[in-house]
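J.: Read off the chains here:
There are 2 protein chains.
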Amino acid sequence: MKINYHFLIATITILLLGSSCNEMDSTIEPNSMEDQHPGLVLTSSGLKKIKSNLGNIPVFDRSLAIAKQQLDQEIENGIEVPIPKDYSGGYTHERHKKNYRMMQNAGLLYQILGDEKYADYVKKMLFAYAELYPSLPKHPQTRSYARGKLFWQCLNDSNWLVYTSQAYDCVYNYLSKEEREVLETNLFRPFADYISLENPQFFNRVHNHSTWGNVAVGMIALVLDDDILLQRALNGIKADHLSSDMKDNDGGYIRTKGQKVGFLANLDEPFSPDGYYTEGPYYQRYAMYPFMIFAQALQNKKPELKIFQHKDSVLIKAVDALINLSDQDGEFFLLNDAQKGMSYHAPSLVAAVDIGYHFGGNNPSLLSIAEKQNLVTLDDAGVAVALNIKAGKAQPFVKKSIELSDGPKGEQGAVSVIRSGDLELVYKYTAHGLSHGHYDKLSFSLFDQGDEVIQDYGLARFVNIEQKGGGNYLKENKTWAKQTVAHNTVVQDQQSHFSGTYELGSKNHSEKYITDFENKEVQVVSAVEENAYPGTRLQRTFAIIKDEAQKNPFVLDITQVQSTKEHQFDMPLYYLGQPMKTSFTYDKFKTPKILGSSNGYQHLYQEAKAHLEGSNFQFSWLSNGKFYTYTAINSESDELLFNRIGANDPEYNLRNEPGLMLRKKNVKDALFVSIIESHGTYSPVSELAVNANSFIENIKVIHNSNEYTLIQIEDKKARQKVFAISNLNNRKDAQHQLKVGEKTYSWEGPFALKPNN
Amino acid sequence: MKINYHFLIATITILLLGSSCNEMDSTIEPNSMEDQHPGLVLTSSGLKKIKSNLGNIPVFDRSLAIAKQQLDQEIENGIEVPIPKDYSGGYTHERHKKNYRMMQNAGLLYQILGDEKYADYVKKMLFAYAELYPSLPKHPQTRSYARGKLFWQCLNDSNWLVYTSQAYDCVYNYLSKEEREVLETNLFRPFADYISLENPQFFNRVHNHSTWGNVAVGMIALVLDDDILLQRALNGIKADHLSSDMKDNDGGYIRTKGQKVGFLANLDEPFSPDGYYTEGPYYQRYAMYPFMIFAQALQNKKPELKIFQHKDSVLIKAVDALINLSDQDGEFFLLNDAQKGMSYHAPSLVAAVDIGYHFGGNNPSLLSIAEKQNLVTLDDAGVAVALNIKAGKAQPFVKKSIELSDGPKGEQGAVSVIRSGDLELVYKYTAHGLSHGHYDKLSFSLFDQGDEVIQDYGLARFVNIEQKGGGNYLKENKTWAKQTVAHNTVVQDQQSHFSGTYELGSKNHSEKYITDFENKEVQVVSAVEENAYPGTRLQRTFAIIKDEAQKNPFVLDITQVQSTKEHQFDMPLYYLGQPMKTSFTYDKFKTPKILGSSNGYQHLYQEAKAHLEGSNFQFSWLSNGKFYTYTAINSESDELLFNRIGANDPEYNLRNEPGLMLRKKNVKDALFVSIIESHGTYSPVSELAVNANSFIENIKVIHNSNEYTLIQIEDKKARQKVFAISNLNNRKDAQHQLKVGEKTYSWEGPFALKPNN
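Protein chains in written order, with the working numbering: chain A, 97 to 853; chain B, 97 to 853.
Be a bit skeptical, because a hint or two may be false.
Chain copies aren't distinguished; within one or between two, either way the pair holds.
[Said to hold, decoys possible] In silico DSSO-like pairs for lysine-lysine, Cα to Cα no more than 30 Å straight-line: (1) K194 with K642; (2) K677 with K574; (3) K661 with K574; (4) K194 with K677; (5) K686 with K705; (6) K684 with K705.
FYI, nobody ran anything at the bench for these hints, they're computed from the structure.
Whole structure, please, built from the sequences with the hints as guidance.
T.: And the structure:
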């Protein structure tokens with residue numbers, strides 16, 4: 097076995113630094129390029145902690161063992177660097193993806209375990225790439241607005257460089273100067289230039305794609321200690337000559353005029369001061385990895401940038417925001433394009449939680465999330481988390497109701513998660529969310545014990561499943577998933593908000609009106625949207641009410657529509673489950689009818705129509721062993737449609753799930769008022785149905801004007817309560833008084849819930 | 097506080113019996129009626145074991161704590177004995193049901209804890225019933241062929257008596273002689289007479305209903321020590337004057353001519369010698385409770401009957417059979433009418449496992465099931481299980497491939513569960529299964545890691561959910577769930593097997609041809625059905641093949657149809673999941689078409705039709721994070737339909753799930769050959785698709801005649817294997833030789849799988 101002098105030197109250095117190295121981390125001046133490596137995610141101090149505790153830090157040991165087992169098997173299988181050919185899900189795509197992950201692990205394992213076979217694996221792989229890369233044309237698949245070379249899009253090429261830079265940092269000293277020169281000249285520098293200089297439409301944007309591009313360039317810049325390249329990463333390319341109406345293949349604008357670009361702009365703009373990322377949690381999860389890994393590397397290499405303090409510590413807040421945007425099982429809520437099932441168990445969140453903990457003030461509640469993840473990163477952050485879990489410092493991460501503002505300055509609406517009992521209601525009144533945004537102002541979704549009850553459809557895509565359109569966005573994403581009617585919100589005249597145009601949508605956002613979580617018996621969020629349909633004002637208020645007489649809280653939904661002209665207003669409700677009972681009769685058609693021809697309506701089958709009478713109707717369903725009831729106010733001319741998703745879906749790209757739709761025709765103003773209850777349970781094992789029936793007797797509009805809306809809720813025990821809201825004055829100290837018939841209602845602040853009898 | 101002399105005496109008796117009581121259990125002569133109580137499920141020896149170990153037997157302690165908590169709450173709520181009014185799911189039904197369960201627990205807790213409040217609760221409740229019962233007419237709901245008094249059917253009245261008898265046994269000595277006389281005269285004796293003498297059509301049958309009836313009468317007979325009543329329970333009513341063409345409300349015959357009745361007949365007839373209960377596991381689970389609880393009581397009170405040895409220990413075998421008829425999660429396979437999700441976690445199975453363990457030779461693998469149940473009965477059996485779990489005696493219950501014969505003598509076909517890797521294939525070639533039977537000869541279902549992949553629909557019913565037809569069978573159970581086309585088996589000319597008539601179906605059964613689980617690389621079950629369609633012979637062979645080159649086993653399905661006339665043959669396949677990829681093009685209709693007008697076809701929508709070319713087609717889908725492919729042989733004239741359940745379902749009683757259907761028109765003979773693979777995985781968290789594509793290149797019929805069928809399977813690596821089966825000779829030592837073209841195939845035994853290249 098060849099003696100690894102580099103490794104010996106590194107070990108000796110660590111030993112010499114001794115116990116004081118912790119404080120010295122950010123101040124020692126490196127003597128040579130060799131001394132600086134590794135330095136991105138592993139530092140000498142971190143390495144020392146790892147080595148002295150190895151075998152004695154359960155979560156870290158487990159994570160290392162998993163990585164080692166996978167890697168050893170890959171090393172045994174041998175190195176494969178195929179000519180690029182496939183979309184995601186295909187062999188060459190998945191192989192190159194696996195390669196960069198394996199290189200990253202091999203680099204870390206070489207440093208941690210000192211076994212040269214890992215360094216050698218990285219070296220051989222890198223040389224295979226250095227041989228292949230110079231001859232590569234653009235990737236043969238042409239769908240992307242920014243085609244990569246190893247992959248079909250620059251995005252994935254950037255992924256490759258983000259991971260591979262870390263591997264290169266770890267084996268830097270294992271390679272000779274000459275070897276490094278070959279790699280840098282033939283691979284790293286041209287690779288970085290390709291995804292930046294040669295693809296400014298990809299690199300010079302504010303978008304999760306560009307974040308990856310910026311970070312890729314930034315990471316290799318840090319390894320190469322190249323400040324010019326680092327500036328390109330941080331602040332973008334100076335002159336890119338891109339026209340301002342250029343779009344990507346998701347339909348998003350490349351850039352608005354005068355917009356700043358580069359990593360710092362990507363940090364400033366899409367994150368709100370609360371740490372909400374405007375594309376939504378699914379893409380925030382994806383973007384968090386490059387943000388956090390680069391911030392970690394910057395903190396280690398350029399501590400003077402104080403990157404974790406940037407914008408009032410927005411990256412640390414973002415980790416917290418992201419966890420709060422997950423349900424009881426840790427799965428992210430669906431906002432904009434988002435695949436269901438993504439959760440904080442994703443590797444990118446493991447990194448985000450670990451880095452957020454280590455560089456963000458050692459918040460002990462993050463340790464409990466790390467415990468659930470049961471994985472840590474194999475670096476400084478990971479060992480810090482593992483050691484503190486072992487020391488018993490973890491505290492529960494308690495998710496409460498939360499409002500997260502949107503927009504760079506937090507002035508472009510917000511998203512709220514109202515939590516009460518086992519219910520989590522997600523209410524969206526944000527900005528558009530860049531190219532992954534949906535046209536669904538004031539929409540909501542509802543979760544119960546982590547199960548989706550009122551669903552947001554998510555995206556029409558099977559990520560990385562090659563059989564389904566190469567694993568990419570399917571055309572139904574645009575024709576269905578992004579459209580307003582695919583969401584639980586008001587649709588006017590069967591048109592999507594902002595006519596479904598990105599130009600309009602991206603210029604507007606909803607306005608917050610009330611957010612009040614103080615009283616756990618009635619938590620209220622209200623917001624207004626005035627631009628989705630010109631001439632129409634939408635105000636939607638959710639009150640989650642915990643009544644002492646009932647086990648579970650329930651949702652009161654009041655949507656006011658005021659328009660200058662007559663329109664048709666549809667209110668869809670995408671419940672999941674099996675219909676149980678209705679308070680009305682309905683006709684189910686022999687065969688379903690297609691509901692419309694555009695704006696998503698072409699994807700809806702109508703299966704049945706209801707015969708509504710009286711002023712209230714109820715619809716109950718069973719989902720995941722729980723009984724739900726939707727009680728809504730109706731006029732006799734209202735229509736209630738039973739729909740199902742799946743029309744005009746020639747390739748079974750959509751899920752055939754149900755939905756109700758309450759329709760009001762030819763009205764200027766409309767008031768949609770409803771209650772959703774989770775009132776009972778059913779177990780197929782005990783076969784017991786508990787509280788299978790709604791406890792709501794009826795709901796009634798007592799008063800509705802521009803100024804006030806008063807809703808009376810009566811339960812099965814004839815107890816009445818009135819929810820009152822002031823529609824124009826949201827001051828907390830305002831006094832309101834209103835006479836309705838013989839009764840006078842008075843309250844303080846923008847809303848109140850009071851007994852009526 | 098009143099001193100409880102009865103309790104003191106009981107305690108003293110136990111103390112006097114000391115440690116030798118165990119052997120004396122079945123031999124001591126009781127001195128008086130008092131000494132015999134409790135004696136049904138709790139004996140003096142069992143009570144002693146419980147009391148001396150209480151607080152120190154985790155599973156028992158936990159079970160007791162749960163029962164106590166529920167009961168204490170109920171006692172606090174007070175006693176309610178309402179006038180009977182509702183169907184199942186409704187208030188009065190659920191209340192009376194809760195009452196008998198609470199009385200049972202109260203009786204046991206009184207004996208175990210010695211707290212009189214429990215005895216008093218039972219006493220008060222019994223007197224409330226004794227007051228109500230004499231005045232009760234038949235239950236107001238009229239749907240049942242045997243209306244009860246407390247409940248809408250005698251079945252539920254019998255449930256009440258089975259449980260309440262145990263409670264009465266436990267508080268017998270707490271009551272005075274006079275009190276007992278009131279209860280016996282006004283409640284127990286008329287109650288027992290009503291469900292037997294006054295309802296012979298319910299009591300004098302072989303059916304799970306009658307089992308409950310027999311046991312109810314038998315349990316109270318044992319408490320009352322009334323041998324005449326006990327004889328009625330064991331052997332039925334002598335002369336019932338029932339006509340032989342009488343049917344119940346499920347369409348089942350009350351009885352065939354000359355059929356024996358009573359508990360012993362119900363033990364002899366529906367159970368096969370392997371312990372399979374002809375109605376299927378869902379009803380076996382339901383019936384196991386009365387069978388086992390009465391057997392336990394008989395063993396304690398009438399040990400001379402040796403009930404657990406009856407029919408070669410069929411009850412003990414039945415417990416084993418039932419566990420083997422569950423998937424990896426313990427959920428029962430769907431055979432005949434059966435609600436999904438029922439599992440060995442049901443209370444009736446807790447009792448069955450505990451009693452089976454205690455009275456069936458202390459099989460240590462039953463302890464591991466009891467561990468999973470994490471509950472035991474609060475009696476002799478339960479404490480035995482808890483003590484032996486604590487002693488570390490549990491051993492895993494290893495589920496292997498198994499064949500369970502059907503019919504009283506095991507000569508009426510069978511059901512097989514073929515297990516290989518994570519696959520469990522359930523193949524049904526049984527008798528009809530009494531009134532809960534489905535018309536689905538040679539049908540199958542498939543489970544993977546406990547997830548249903550190819551589904552059996554189960555039943556069209558929401559058990560105990562009042563909103564759905566009173567929680568009873570819905571009309572779609574007959575029009576859809578029972579029909580042949582609702583199952584994964586051959587349908588001729590859109591008619592159900594046996595024309596869907598119980599008269600014909602119940603007279604016939606399929607015939608086993610091969611069952612061979614010896615070689616884990618190729619497990620084979622083959623069966624023949626000659627009566628489902630007169631003039632048509634169906635033979636279906638499943639081979640589960642574990643190929644060394646692939647991680648997962650796969651299913652080869654060969655169905656031969658030979659008829660004297662031309663017919664249309666349909667082969668439905670009810671996959672669950674989202675279509676991913678097809679090897680052919682297909683046209684999805686703008687709106688679906690209804691497939692037929694009767695025999696279940698009226699409930700199927702056709703959504704698309706395929707354009708089949710060549711000789712093979714593939715259809716892939718994703719379900720529960722796993723990729724599946726169905727590869728089938730086709731001729732160019734075959735049709736492939738994409739269907740969905742849910743047409744003519746005016747009240748949303750059906751689940752809108754998909755199915756394929758391969759159709760061969762105007763043929764006398766048909767050969768359906770297909771392979772189902774579970775070949776890959778997808779995680780929405782890692783977003784990695786692993787082995788998303790089938791590894792089957794094609795399948796080919798090399799030879800097919802009356803005598804032999806040879807199928808060649810070629811994989812993506814061009815490796816060919818041939819599966820050969822002899823269709824007429826199933827002798828294990830038979831030598832076969834067949835020349836096809838230039839090649840000669842030779843093998844020994846009924847089948848072989850051999851490389852072809």
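J.: Next step is simple, just say for each hint if it's right about the structure.
T.: Here's how the hints hold up against the structure:
1. K194 with K642: between (49 Å within a copy, 28 Å between copies)
2. K677 with K574: This pair counts as between: shortest inter-copy Cα distance 21 Å, intra-copy 34 Å.
3. K661 with K574: Close inside one copy (29 Å), not across copies (52 Å); limit 30 Å.
4. K194 with K677: Between copies, since 24 Å is at most 30 Å while 50 Å is not.
5. K686 with K705: So K686 and K705 pass the 30 Å test inside a copy (12 Å) and across (20 Å) alike.
6. K684 with K705: both (7 Å within a copy, 24 Å between copies)
Going down the numbered hints, you'll see the structure goes against none, and every one checks out.
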